[in-house]
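Assembling the complex is the task here: the two chains are given apart, and the hints tell you how they should meet.
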Amino acid sequence: MAASSRAQVLRLYRALLRESQRFGGYNYRMYAIRRIRDAFRENKNIKDSEKIEELVNKAKANLEVIHRQDHRLWLFSPRWACTLLNYF
Amino acid sequence: MLLWRRLAALRAAPAPRRLSAAAPRPAPGQAPAPAPGKAAVGAEPLSGRAAAAAEPEARARPGRRSAGPPLPPAPDGGSSSLPSGRSGDGGGALRPLYMDVQATTPLDPRVLDSMLPYLTAYYGNPHSRTHAYGWESEAAMEKARQQVADLIGADSREIIFTSGATESNNMAIKGVARFYKSRKKHIITTQTEHKCVLDSCRSLEAEGFRVTYLPVKKNGLIDLKELEAAFQPDTTLVSVMTVNNEIGVKQPIHDIGEICRAHKVFFHTDAAQAIGKIPMDVNDMKIDLMSISAHKIYGPKGVGAIYVRRRPRVRLEPLQSGGGQERGLRSGTVPTPLAVGLGAACEVAQQEMEYDHKRISQLAERLVTKIMSEVPDVVMNGDREHRYPGCINLSFAYVEGESLLMALKDVALSSGSACTSASLEPSYVLRAIGTDEDLAHSSIRFGIGRFTTEEEVDYTVQKCIQHVKRLREMSPLWEMVQDGIDLKSIKWTQH
Chain A
729 MAASSRAQVL
739 RLYRALLRES
749 QRFGGYNYRM
759 YAIRRIRDAF
769 RENKNIKDSE
779 KIEELVNKAK
789 ANLEVIHRQD
799 HRLWLFSPRW
809 ACTLLNYF
Chain B
13 MLLWRRLAAL
23 RAAPAPRRLS
33 AAAPRPAPGQ
43 APAPAPGKAA
53 VGAEPLSGRA
63 AAAAEPEARA
73 RPGRRSAGPP
83 LPPAPDGGSS
93 SLPSGRSGDG
103 GGALRPLYMD
113 VQATTPLDPR
123 VLDSMLPYLT
133 AYYGNPHSRT
143 HAYGWESEAA
153 MEKARQQVAD
163 LIGADSREII
173 FTSGATESNN
183 MAIKGVARFY
193 KSRKKHIITT
203 QTEHKCVLDS
213 CRSLEAEGFR
223 VTYLPVKKNG
233 LIDLKELEAA
243 FQPDTTLVSV
253 MTVNNEIGVK
263 QPIHDIGEIC
273 RAHKVFFHTD
283 AAQAIGKIPM
293 DVNDMKIDLM
303 SISAHKIYGP
313 KGVGAIYVRR
323 RPRVRLEPLQ
333 SGGGQERGLR
343 SGTVPTPLAV
353 GLGAACEVAQ
363 QEMEYDHKRI
373 SQLAERLVTK
383 IMSEVPDVVM
393 NGDREHRYPG
403 CINLSFAYVE
413 GESLLMALKD
423 VALSSGSACT
433 SASLEPSYVL
443 RAIGTDEDLA
453 HSSIRFGIGR
463 FTTEEEVDYT
473 VQKCIQHVKR
483 LREMSPLWEM
493 VQDGIDLKSI
503 KWTQH
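Note that the protein sequences, when read in sequence, are chains A and B.
Mind the numbering: the first sequence is residues 729 to 816 in my numbering, read in order.
Mind the numbering: the second sequence is residues 13 to 507 in my numbering, read in order.
Only chain B is shown next, with the shape it has when bound in the complex (with noise of 0.2 Å):
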C-alpha cells in the first residue's frame, strides 16, 4: 500500500523534505525572525542523504522567510559541508545515542506545546491577585497541581511546587524531623537512598538526630524484618525510595506503608524514577511524603513536586522562608511555565503508563537477553523480578568500565548516577548490594525510556558486544580465567 511504502522510504530519509515552506505559525508572542530562509536553515547540520536534496531547495527560495527565531549552531561546529552519512566509530562529529533516561529524559512535544504560551504571552505571577495576568497563570498552576494530584491518587491541595526532587527530599526530612523534634529523634533510612537524602540525614545527625541506615540484601531489597526490628520509640520517619535509579530496584513500598501504618510512623518516598513509569497510589501505598521529579518523566527541568498528607496531617518546618506561597510550605514565586510542564509530563505519563511500559519491557528484555547470550560472565545488578524494567545495570567481569564507556562513545551510557560520576570510587549503591569492587568497577546502567527505538536497542547490544570482547582480547586477568586460573588465589607482588 502507498502508505506503507511511504513508512518505509521515511525511515529512510530522516530529514524533512520541506525545509523552510514547513515551518508552522511562529508561537504566540515570538517576533518574526528578520534571518532570510537560507541562515535560518541552512545552519544546521542536514542529515547527509538529504543535504543534497535540501540544499538546493533552500537556496531556490531565498526570499522566503521561515517563521521564529534562527537555531544556535550545534556545538559540535554545525558544518553543514559534512560529508554524507559514511558513519565509522571515529564520527566524533555525530552525535551519540541517549540510552541513559535515569539521568534525564528528553521534552515530550506534548509537554513543551503545553509549557510555551507561559513562556511567551502568558507571563503573569500567578501569586498577583489583582489582574488577569495572575488569574490566568494561577488557573494554569492549579490546572497542573489537579493534574499531578491526579496521576499519584491524591488531592490537588497536597500538592506542594518544588524546585525538583532534591527540594522535596530536603523538605521532607528535615522538614518533619525539625518540626517533631521534641519529641521524636530517630530517622530510618537505607544504605541505596539518593544522595540528597543521605547527606540530609547527615546533616541531621550533627543537628542531634539518631539515623539507621538499613542495609540491603543481595538483590538491593530491604529486609522487612530487619525494618520491622529497626523501629524505635521515638522513630519518627521512614524513608525509602520507590525505584533506585542506579539499580532499577522496586521496593515494596505496599508492605513498607503497612508496617510503618502500624507503628505510626511518617512514611516517606522518593518516586522521582517511579512515577509515571509503574501505578502509584498514596492512599493504596500509605505514603505521607512523596518526592517528585519533572525532568524523569519527560518534563522540563528545575520543578518537582512533594506531596504532604493532610489526613491524618502531616506537618513540616519549611525550610524556605517568605511570602507564605505554596501553603507556607514553600515560599518563592512558583515558575508557572515549569509547573504547567510538569502538570502535562504527569498527565501524558498516565495516559501512555501502560503502552510504554509494556514497550519498554520488551526492549529491555531484547537487550539483556542478547548481550547474555554473547557474552559470558556478566552479572545484571539487582533483582531480577522486582524492577522497574527500563534501568538496567550490568556488571562486565574482566573488563573496565571507564573504558567501556569511552570506546561506546556513540551512545550516551553512564556507569553509575550523575551525582556521583564525577569521583572515582565505586558506587555506593554497588557497595551496598554487596558487589565486589571489580566488578562495581565495570558497571554500566543502560535507560530505556518512551522515545528509544529499538534500532537504537540493536546498535547499543552489538557495539557494546563488540567492544567487551575486544578489550577482554586485550586483558591479560581474561587470559588467566581462560587458561582456569582462580583470580582470587593470586598472590600480586609489592613492587
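Pulled out of the complex, with its shape left as it was, chain A reads as follows (with noise of 0.2 Å):
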C-alpha cells in the first residue's frame, strides 16, 4: 500500500470530525472532537512511514466505528445543552 500522503490523512481528519458532528449527545460530540483534534495534534510530528501507516489505520478504523453509530440513539434530550450554551 502506498504511504500515506499528507492530503489524505488530512482527509480523514476531516472525515472524522465531519462524522463526529454527528453524535446526537453533547458529552459524545464535544469527546470524540476533541479526542480527534488531540491524538491528531500529537501524533503531528511522526516521520517513521510504518507508525503513520499504523495510526492511520487506527483512524480508519474509528472512523467506521463512529459511522456505523446510530447517532440518534444518543440523541436524549439534548436541549439542556441549549442552557449551557445560552449560559455563556
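What the hints contain is simulated information worked out from the structure, not anything from laboratory work.
On a predicted model such as this, the values are computed, not experimentally measured, just so you know.
Take these hints with a grain of salt, some might be off.
Facing chain A, a subset of chain B residues (Cβ under 8 Å, in silico) [what the hints assert, rightly or not]: (1) P118; (2) P121; (3) R122; (4) D125; (5) C208; (6) R462; (7) T465.
With a straight-line Cα cutoff of 25 Å, these simulated PhoX-like cross-link-like pairs (lysine-lysine) come out [what the hints assert, rightly or not]: (8) A/K772 / B/K155; (9) B/K370 / A/K786; (10) A/K779 / B/K370; (11) B/K155 / A/K788; (12) B/K155 / A/K786.
In this text, a Cβ means the ideal position worked out from N, Cα and C, and glycines have one as well.
See the structure below:
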C-alpha cells in the first residue's frame, strides 16, 4: 500500500470530525471532536512511515465505528445543551 | 481557517443538521423500521435553535425512511414544541449535566460498537461446544477475558466473569473465608469499604469468623502500623479497596501487598473505581484477588470480573453452583455481549488512561480551585495528594447538603454513594474519617469523567457558588458565625 500522504491524512481528519458532528449527545460529540483533534495534534510530528500507517489504520477503524453508530440513540434530550450554551 | 470556523459553528448548533439522511446503515440483525421518517425523527426533542431549521427538513422528506427502530420518547414528555433554548433555572424539562461518574458512567460508543453484533446476530451461548454459534461466542468471550487481563497484568485464565463488583466482592470474601475455615478464622478489612464488603464480613461473623475493621486516619488512608498489628496467626484475608468511591482516596496498595505477602495472607482489593483510571498491576502490587466492575469504566451494567491468582493458587468456595462454567467458580452462562463490552471497555481504558487522567486532573484542579477561592469554609474530604482526581467530595459548612443538591437541580450530583443515599444517616465513610456530623450532612460529591467538558465544570462551579452563597445568606448559623460567635459554645435550649 502506498505511503499515506499528507492529503490523505487531512482527508481522514476532516472525515472524522464531520462524522463526529452527528453524535446526538453533547458529551459524546464534544469528546469525539476533542479526542480526534488532540490525537492528530499529538502525532503530527511522527516521521516513521510504518507508525504512520498504523495510526492511519487506527483512524480509519475509528471512522468506521463512528459511522456505524446510530446517532439518534445518543440523542436523549439535548435541550439542556442550550442551557449551557446560552449561559456563556 | 475553514475548519476552525466550522468547529466554532459546531459548538453553537448542537443538533445534527441532516437527520434522516445521515442515519447510518442499520446494525446487523436489526429489522428495517416501518416508521415513516417524520415520526422517528420528530419524536425526539430537538434543541431549540436547530428545531426550526431541522423540522422543515424532516417534513420535506416524508417518504424517506430512517433506518433503525423509532426511539422511545424522552421520559419527561418529549414534546418537540418546547420553546427555543431559553433556560432559566426553572427549566424542569431540561436534562441535567452528569457529574456523578462514581455512581455509574455512560457507555463509550466504541464499547457499544463492539457489543452490538453479540446482541443481534451472534447470539450463541459461549458454552455450546458443538456448533459455530457457540464457537464464535466463545472466541469473543475469550478475547474479552484477555483484554481484561491485559489491563491488570494478569493471565487470562485468572479472570472470571461475574455480574458485577458486588458479586466479585462476595465471592472473594465469602469464598476464600469458607474454603480455609477449618484452619483460619480471621479477616481484616477497613471501615471505609463498600457496603457489600462490610455486609459480607458481617454475615461471616454470624458464621463464626472474627473480623477486624481497621479505622482510617483523618485523611482517609489506613495506618500501615495498625494493619501490621492487626495480623493474627489465623488471618486468612485482608480486603482494602484501592480507590474509595465516596471520597476518592487512594490506599497504599503497594505497601499493603508487601505486608500481606510477608505474612502469607491473601490480599483482596475492590478496584472497581480504580481500574482503567490508574495503572494497576497485580504482580507489582502483590494482589491475590481483585474485583472489577464494568459500568464504572464506561462499560455496560450487569457485568464485572474477579481476578483470582493462580500462582500461588488462591482457592475459593464457589457461591453459585451449577454447570461448572468459569472454572467451577461461577456457574451460569457468561453473558457474551456484556463480557465483550467489559473487554472493550478495558481495552479503551488502557489506551485512553494517560490522556483521560491528565484531562480529569486539570478539570478537577479547576473545579476545586474555583470553588475554594470564591467560597470560604469549604472542606475537601480525604487526602489531597493520595487520591484519584476525578472524585471530589466537598463539605460546605453552614449549608444543608440536601438543599444544595435540590438547588443544583440542573446538575446530577450526589451527596454520598448511591447505595446509601436512601437513608437519612450521614455517610459512614465520612463518619470514619472523623467529619463532624453537620459537615457530613453538607457534603457533595463531584465526579469528573472522560466525557465531562470544561463548560460543564464551569457551569457546575458557577451554580454551586451561587447557591451556596444564597443558602448561607438564609442561614441563621452563618449569621452567627459572621458575628463571631463560636457555634460549639452555644447551648441549644430544649423545648
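Report the numbers of all earlier hints that the structure fails to satisfy, in ascending order.
Violated hints: 5, 8; rest satisfied.
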